[in-house]
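Chain order of the listed sequences is B and U.
In my numbering, each residue carries its 1-based index in the first sequence increased by 1074.
In my numbering, each residue carries its 1-based index in the second sequence increased by 1074.
These are computed hints drawn from the structure, not numbers from a lab.
Please note that the accuracy of each hint is not assured.
Said to hold, decoys possible - Below, simulated DSS-like cross-link-like pairs (lysine-lysine); rule was C-alpha separation at most 25 Å, straight line:
{"#": "1", "chain 1": "U", "residue 1": "Lys-1236", "chain 2": "B", "residue 2": "Lys-1263"}
{"#": "2", "chain 1": "B", "residue 1": "Lys-1090", "chain 2": "U", "residue 2": "Lys-1222"}
{"#": "3", "chain 1": "U", "residue 1": "Lys-1263", "chain 2": "B", "residue 2": "Lys-1263"}
{"#": "4", "chain 1": "U", "residue 1": "Lys-1236", "chain 2": "B", "residue 2": "Lys-1222"}
{"#": "5", "chain 1": "U", "residue 1": "Lys-1090", "chain 2": "U", "residue 2": "Lys-1131"}
{"#": "6", "chain 1": "U", "residue 1": "Lys-1203", "chain 2": "U", "residue 2": "Lys-1221"}
Protein chains: 2
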Amino acid sequence: MSAPLEHLVPSRAAKKARFDSDSIYPILDEALFCTISYSIDNQPFSIPTSFVRYEDKIYIHGSVGSHFIRQIATGIPVCITVMLVDALVVAKSAFSHSVNYRSVVIFSKAEIIEDYEQKLASFEWLTNKVVPDSWEYLRPVKPNEVKKTTALAFKLDESSAKARTGMPNDEEEDLELPIWSGLIPLSNKRLSPISDSLSENISLPAHLQHL
Amino acid sequence: MSAPLEHLVPSRAAKKARFDSDSIYPILDEALFCTISYSIDNQPFSIPTSFVRYEDKIYIHGSVGSHFIRQIATGIPVCITVMLVDALVVAKSAFSHSVNYRSVVIFSKAEIIEDYEQKLASFEWLTNKVVPDSWEYLRPVKPNEVKKTTALAFKLDESSAKARTGMPNDEEEDLELPIWSGLIPLSNKRLSPISDSLSENISLPAHLQHL
């Protein structure tokens, strides 16, 4: 990532912010959803959506008729946030409670992907992120599906990652209190697939069998 | 919730939007985190943060020194989004893939909670949301901790909930394809607490024993 701009440097806990792709990409590659914010006449709007990173950009898709997609496709400034929560940090005082998280904030502007093959590739990347190795197994995408979908790319030049890890940081005078402190880890696991009625006699494909 | 404003009515899938507290409150009460967006000179900024609903408002807390808190405390318009993801919806075509989710969008403006007792109450609500029944067990909050923290409330008058449930909706002509379709449920579970080194000889309090 390039040099930090001023609005990328948080006023609090600035030491936690990282601007390198080794910090940023793994978070983007693990998280399935981001929240994209934009503003019209200083009224902010934000929408959660799925996304995929490929090389130095992230990609999102939406219906060509979507109001949200049409607004951000104009290239207005957006702020994209991603957060993974790893654990609740339970301290001896409420004031020292915290969260172990990994987050990314991206300031960017949409580029419309017009090229058919590149658009198709971006569908493949997203599909294989959501369900690894599934693209080749699915019914191939039809040209009219590509036409009905807008693909937008966002450069990651102005991005930063923040994370908290580890145990609670209680106040010095609280350390000896006989109050339990530690972590409550959160799992964000995929559970066993559930077939719909159309698939009861179809064997689960190999790429879903590990779940 | 009051009558929907125009920006609360999504252009797509408008049928899914709900404006009643029976739809909105359970999502706000289950989700631990929201993303708050605001805008300065049409540059959007957004930040994930924990929150709690109490009656017809949500509350967030932050350091009095936080740039983000000071910006939104001025009462500028904010957009707050909350999303819970229940399952990945795996269709026979990539185009029909979807997500089972429950989301809330809130348009609001911060009110600063100045009253000491009300501020303290909002800490209690949030603490007991993050770790149910824990407030009374913790070291009591000190007056200077209350002073160092800004508590902001947001009315929910302009809020809407959306959700998707159920199995994939494949295209009519795809229904007989021998391709597996169904759901991959996602669990967002709390795992067994992990003691820090200060708590190895402290028994786990009752409110954490079910984890």
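Structure-based check of all given hints:
The suggested pairing of U:Lys-1236 with B:Lys-1263 holds, with an alpha-carbon distance near 23 Å, which does not exceed 25 Å. A threshold of 25 Å between alpha carbons decides the hint, and for B:Lys-1090 with U:Lys-1222 the separation of about 21 Å falls inside it, so the pair holds. With a C-alpha separation of about 8 Å, the suggested pair U:Lys-1263 and B:Lys-1263 falls inside the 25 Å cut-off, and the hint holds. In summary, the hint linking U:Lys-1236 to B:Lys-1222 is supported, as the alpha carbons are separated by about 23 Å, within the 25 Å threshold.
Straight-line distance between C-alpha atoms of U:Lys-1090 and U:Lys-1131 comes to about 23 Å, which keeps the hinted pair within the 25 Å bound. A distance of roughly 22 Å separates the Cα atoms of U:Lys-1203 and U:Lys-1221; the hinted pair therefore holds under the 25 Å criterion.
Going through the hint list in order, the structure satisfies each hint without exception.
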